[in-house]
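Student: Listed below, chain by chain, are the residues.
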Amino acid sequence: MRRLAVARGVAWRMLHNFYSNKSLLIPSLVFPLFFFTAFAGGLAGISRAPGFDFPDGYTAFQFAFVLLQSAAFAGVFTGFGIARDFESGFARRLLLAAADRTGIVLGYAGAAVVRWLTTASLLTVIALAVRMKVGGNGVDLFGLYVLAILVNFAATLWAAGVAMRLRTMQAGPIMQLPVFLVLFFAPVYVPLALLQGWIHEVALANPMTRIIEAERGFISGERTLTAASFAIALGLIVLFSLWAFRGLRKAEAAG
Amino acid sequence: MSVAPDQVYLLARRSVVRTLRQPANVIGPLIFPLFLLAVNSAGLRAETHLPGFPSHSILAFILAVPFIQGALFATMNTGTDLARDIQTGFLSRLSLTPMRGTALLLGQLGGTITLGWIQALVYIAVGTIAGVRFASGVPGVLVLLVFYTLVVLAFGALGLFAALRTGSGEAVQGLFPAFFVFLFISSMAIPRNLMTHTWFRDAATANPVSYLIEGVRSLIVIGWDGEALALGFGIAAVVAAIAIALSAWSLQQRLAGS
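Which chain is which? The protein sequence lines are B and D, in order. Just so you know, the numbering used here puts 138 at position 138 of the first sequence, and the rest follows in order with no gaps. Just so you know, the numbering used here puts 79 at position 79 of the second sequence, and the rest follows in order with no gaps.
If you're looking for bench data, these hints aren't it; they were derived computationally from the structure. Just so you know, not all the hints are guaranteed correct.
Reference excerpt, derived from the structure (chain B facing chain D, CB under 10 angstroms, subset only) [what the hints assert, rightly or not]:
no., residue
1, P27
2, F35
3, R48
4, P55
5, Q196
6, W198
7, I199
8, A203
9, A205
10, N206
11, P207
12, T226
13, F230
14, L234
Restraint-style ranges between C-beta atoms, simulated for each label pair [what the hints assert, rightly or not]:
no., chain 1, residue 1, chain 2, residue 2, range
15, D, S95, B, D100, 53 to 63 angstroms
16, D, S95, B, I126, 31 to 41 angstroms
17, B, L242, D, I27, 30 to 40 angstroms
18, D, T196, B, L96, 50 to 60 angstroms
Glycine included, every Cβ here is placed at the ideal spot set by N, Cα and C.
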């Protein structure tokens with residue numbers, strides 16, 4: 001109960017900061033739209049390449065990727081907020097005041113989900129407004145968003161672990177770069193089968209590839225790798241939970 | 001030697017030393033464009049099968065992008081360095097000396113241009129090692145270096161203008177996303193004639209960054225394309241002239257107010 005109260009308080013504060021600060025809110029909303037526009041609008045011609053067989057068009061193909069990217073980066077940006085809280089001294093006061101410190105991490109993660117849902121809603125509305133084809137049914141679309149939420153949760157836990165260990169905004173690139181690498185070493189522009197050379201091998205070994213393919217399967221209604229992608233996402237959450245909570249212990253030890 | 005060249009030299013030397021002493025300012029603009037080059041050239045290889053695609057090598061086609069992306073970094077570095085000078089009071093102290101405004105602007109750009117040359121040489125070396133052959137040959141590489149210097153000067157001067165108007169390094173950094181929009185809504189990843197969405201093609205056609213990329217690309221992929229080079233040089237020269245004029249005006253305003 002105390003854990004929930006702490007989580008609710010931390011999440012409310014994060015969300016209040018997010019919605020009342022234009023410099024946080026606008027980039028979070030605009031960047032995914034911008035990537036969606038640049039990828040789906042500019043690169044649509046690539047869908048005419050031989051072997052490109054995604055049934056619902058390039059807009060839907062890219063929507064699945066950008067949705068996932070926005071979920072991951074909403075988590076990373078929440079990590080920036082945690083680092084800022086440590087720099088300003090707020091997090092130290094929070095550690096002293098919180099009756100259950102586990103609730104702090106849960107609160108940050110909860111805020112990240114709500115923050116991403118705002119972005120995802122706008123992205124979805126824009127995608128539908130530009131007549132994106134959706135082949136999946138209600139269950140598929142539920143899977144699409146739930147899988148993205150799991151990725152958001154995992155990314156938040158990763159970034160929180162870094163922020164709590166380093167406790168400075170200068171840790172931003174350390175939170176951001178691995179997420180960026182994992183996302184872009186996956187089949188971003190074309191399906192996996194059309195990738196050639198080293199990027200194909202890297203994408204094949206990259207767990208994010210399965211998740212992106214599953215997302216594209218949900219939106220087209222041709223489910224693929226569903227169990228594997230959820231298992232990978234849950235595995236990442238377990239792994240990064242350990243990372244984040246050990247980070248919390250290190251922050252506590254640092255005083 | 002007259003006073004102004006002396007002043008330019010001293011400030012340029014300070015700018016070069018300051019740029020090279022900050023590894024983050026050198027490594028970021030070198031590595032990040034190369035990373036995107038690797039990802040995009042690998043991920044977009046299927047494009048070369050499209051009818052009308054101008055090259056069999058996606059790497060040759062994409063190699064133009066790091067040059068313009070690197071120039072965007074130059075904008076940020078120059079602007080942030082000048083903003084720091086404003087925030088620390090260095091500019092105010094300088095205004096008490098007989099220094100000329102033009103000397104300050106040209107001197108500040110010294111570090112930016114030096115970094116630009118390092119970037120250009122690294123990108124050319126990486127492309128050559130990866131098997132890209134310049135269609136315009138060695139003279140084309142020299143023209144590319146001249147063109148890139150002009151582009152870096154233009155973007156660097158935009159960074160100076162932003163710093164002088166805002167006086168804040170954070171505000172200059174905040175412009176980075178806006179410049180990225182110009183880069184992505186361009187012919188960066190696909191030729192304009194192969195863009196299927198008319199609205200995107202129109203936006204890319206109206207975007208001056210497309211012509212800067214196509215100027216570099218023409219030297220790598222096509223050979224000697226007078227129209228692409230004239231548009232590239234023309235746009236870079238106009239942007240540089242406007243940005244330097246605006247920076248000079250903003251500097252006057254700032255010094256008058258200090």
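Student: Now look at each hint and say whether the structure bears it out.
Tutor: Status of each hint after checking the structure:
1. P27: Check passed: Cβ of B/P27 comes within 6 angstroms of chain D, closer than 10 angstroms.
2. F35: 8 angstroms, holds
3. R48: Holds: closest Cβ of chain D sits about 6 angstroms from B/R48, inside 10 angstroms.
4. P55: 17 angstroms, violated
5. Q196: At about 5 angstroms, which falls below the 10 angstroms cut-off, the nearest Cβ of chain D leaves the hint on B/Q196 intact, so it holds.
6. W198: 7 angstroms, holds
7. I199: 3 angstroms, holds
8. A203: Hint on B/A203: holds, closest Cβ of chain D at ~9 angstroms, below 10 angstroms.
9. A205: Not OK, violated: B/A205 not within 10 angstroms of chain D, min 14 angstroms.
10. N206: 12 angstroms, violated
11. P207: 17 angstroms, violated
12. T226: It is violated, given that the least Cβ distance between B/T226 and chain D is near 25 angstroms, above 10 angstroms.
13. F230: Result: violated, 26 angstroms to nearest chain D Cβ.
14. L234: Violated - the Cβ of B/L234 stays beyond 10 angstroms from chain D, reaching only about 27 angstroms at its closest.
15. D/S95 x B/D100: 53 to 63 angstroms: 56 angstroms, holds
16. D/S95 x B/I126: 31 to 41 angstroms: 48 angstroms, violated
17. B/L242 x D/I27: 30 to 40 angstroms: 31 angstroms, holds
18. D/T196 x B/L96: 50 to 60 angstroms: 58 angstroms, holds
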